[in-house]
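Chains as they are written, first to last, in our numbering: chain A, 1 to 369; chain B, 1 to 369.
Some clues are possibly wrong.
Same chains, same label: a pair holds when it works inside one copy or across any pair of copies.
Here are the simulated DMTMM-like cross-link-like pairs (lysine to aspartate or glutamate), alpha carbons at most 25 Å apart as the crow flies [as the list claims (entries may be wrong)]:
id, residue 1, residue 2
1, K33, D241
2, K336, D121
3, K159, E239
4, K196, D52
5, K147, D94
6, K9, E242
7, K33, D121
8, K302, D352
9, K81, D48
10, K63, E80
11, K33, D94
FYI, nobody ran anything at the bench for these hints, they're computed from the structure.
Remember, predicted model here, so these are calculated numbers, not experimental data.
2 protein chains.
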Amino acid sequence: MAKIKVELKDRSYDIIVGCDNLSELGELVRSEKWGRDVFIITDPLVNDLYGDLVRKGFKTKPKTLEVPRGERFKNLRVAEKLYDGLARYGAHRDSLIISLGGGVIGDLAGFVAATYMRGIDYIQVPTTLLSQVDASIGGKTGVNHPKCKNMIGAFYQPKAVFIDVSLIATLPARELRTGLAEVVKYGVIEDADFFKFLEANAHHLNTKAFENEDTKRAALKLWQTIVSESAKIKAKVVEKDEREAGLRMILNFGHTVGHAIESLTRYRAYNHGEAVSIGMVAAARIASRLRLLETDVVDRLKALLDKLGLPTEIDSLPVDKIVAALSIDKKVIGGKVNFVLPEKLAKVVIKDDVSLSVVKQALNEMGGQ
Amino acid sequence: MAKIKVELKDRSYDIIVGCDNLSELGELVRSEKWGRDVFIITDPLVNDLYGDLVRKGFKTKPKTLEVPRGERFKNLRVAEKLYDGLARYGAHRDSLIISLGGGVIGDLAGFVAATYMRGIDYIQVPTTLLSQVDASIGGKTGVNHPKCKNMIGAFYQPKAVFIDVSLIATLPARELRTGLAEVVKYGVIEDADFFKFLEANAHHLNTKAFENEDTKRAALKLWQTIVSESAKIKAKVVEKDEREAGLRMILNFGHTVGHAIESLTRYRAYNHGEAVSIGMVAAARIASRLRLLETDVVDRLKALLDKLGLPTEIDSLPVDKIVAALSIDKKVIGGKVNFVLPEKLAKVVIKDDVSLSVVKQALNEMGGQ
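For reference, chain A alone in the conformation it holds in the complex:
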């Protein structure tokens, strides 16, 4: 078990990374004296898979509130249903919410915790690789607005992030890969050794390894390292910039083009990690075109993502539309188009003056039409 502290003064907390430890959460909550009543917020699928395992660790069974599964239910209406449920069960300021699920549940349950009775305690229990290495850490909570994802939200830190890496073994291959894109991102922005470690182990980072018990055990050891190292890097960045005023923007490496592609394809053709994978290659190519980055690193990044089964080309998407989507983002957030560009492994710079023609050239190189 690894314990990673996120240092945020009176809002500090631990990220606990274990394996097969889901049933131990109850004991932790009891020993830390968190919450007089406990409420689990989850979705039906996750509840079926892990709900009982979590609940059995508690002496007094927590109440469970289910919300429908899927990003489109991450909205104020569903948040209101959760407020109603909490009020009906008499949840109060001493109650504790356990967010059990992937990023959607984490954002939604975190937002409800942030705003129920002006903020009650909550714990993130992320069940996907993507949420374990990214969304569950750092206190970003929120729901979507018809006009803009995550437009309504709060920065609100959990009391703990409690991770069971054994859950990774149950994920579909594509869900595993989407998390890996963010893992690779950490290597590029902050840790060259971690990047090399990923290069060396890439052939083990897939669902094949879970097919028999021996390789599964070895694989989960490897995953524990990967999740812990990722969490460490994310924690370090969050500590320095809790409210995303500056540095934390480096976590958006790959997300500028990535987000444009996601919204252009209406969040259907690519999942988040796939879009980020393409976006990272795009950012690296842009950096290389601007002579900030050696082409060698671009090649290594592309090779690693390829090996992990993530997309690194833009099959047939029209470059003009991607660039137009960048500008819509720009309008929505009222600012400039920021690019996080690597100068070498573990060193990135933020540029808001990248010319669109350079962006287009990079996207053309990647097969964009």
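Fit chain B to the supplied structure of chain A, relying on the hints for placement.
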């Protein structure tokens, strides 16, 4: 002009108390470089009265978003309309919200500021005495849930509280009195000299003084002192307990019975200050019955409130129902019934074990049926 600092580390801010200074807000915002765009949230009546005065101080006219007037519009639906409006105008993380109005507008606009794009800057410009001395200070924001007032909200501090005491001269007498109840509260819980000052000046604290220009000017000087002293006391309490974990509860002096009376009469028969006035006398009588407080202080408190025109008796309300309403509150907040009881002027104690028979006796003394 008085400037009172609220010390909350990186969330510190000033309360600025001036007179006829509403048109100077634009200059302050400019010199402090707050907000790239400015949005005023207000209601139609306040907008008619003061909107232009505020707007004319800005070089670039702020956009104004109006919400219907009244507590029943302090809900998530109206908050959503505000999110929509902000999004439509392209408000972003660098935008600034000015909350221009009484407590309802302050709570609502503060909540929207707390949750739009995970929190943007806002300034409280309270236009009623009640909001100037109480609601605008301390970062409590929120909206009502059908089951419970202010159930959905956040602690989110403004960048400044900007007060123009001259607005007090335009308030109806009853609106003035509701604010005075909270002013008297500050004297009782924290400052005996301030209480004596109120006793000495009580005969000036009414709308009569505003009827001609000479007495108006003198009265506004007096009000400036009263608002500043009240703000100082509130700021001091908030500094010690930002998130209402303990000490801040003393601000609920008079609010236990007060809230029971408000909800029993469905927020119609009494306004907030009137209910708190009755609640303060009830709390003082309870304290006296428990031999915590000399009867002399009970008498002085009642005399001061009487002189200010606030109710100190419970005409014909059934005592049993008031006590039952206390228990409903208890169930809703999942805790015990806390009473803030004075031991002498400027010294209160919190008790959660007051017997209901003592409460009933105190209420009977006050004319309850």
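Going through the hints against the structure:
For the homomeric pair K33 and D241, the shortest alpha-carbon distance between copies (21 Å) is at most 25 Å, but the shortest distance inside one copy (29 Å) is not. Within a single copy, K336 and D121 get their C-alpha atoms only as close as 36 Å, which misses the 25 Å cut-off; across copies the closest is 20 Å, which meets it. For the homomeric pair K159 and E239, the shortest alpha-carbon distances inside one copy (15 Å) and between copies (23 Å) are both at most 25 Å. Neither within a single protomer nor between protomers do K196 and D52 lie at most 25 Å apart by alpha-carbon distance, with minima of 39 Å and 62 Å respectively.
Within a single copy, K147 and D94 get their C-alpha atoms only as close as 34 Å, which misses the 25 Å cut-off; across copies the closest is 18 Å, which meets it. For a Cα distance limit of 25 Å, the shortest separation of K9 from E242 qualifies both inside one copy, at 11 Å, and across copies, at 15 Å. In this assembly of identical chains, the alpha carbons of K33 and D121 lie at most 25 Å apart only when taken from the same copy (11 Å versus 34 Å across copies). In this homomeric assembly, K302 and D352 come within 25 Å of each other (Cα to Cα) only inside a single copy, at 24 Å, whereas the closest approach across copies is 64 Å.
Taking CA atoms no more than 25 Å apart as the test, K81 paired with D48 passes inside one copy only; the shortest distance there is 21 Å, against 37 Å between copies. In this assembly of identical chains, K63 and E80 lie within 25 Å of each other by CA distance solely inside one copy; the values are 17 Å within and 29 Å between copies. Taking CA atoms no more than 25 Å apart as the test, K33 paired with D94 passes inside one copy only; the shortest distance there is 10 Å, against 39 Å between copies.
Hint 4 alone, counting from the list given before, is not met by this structure.
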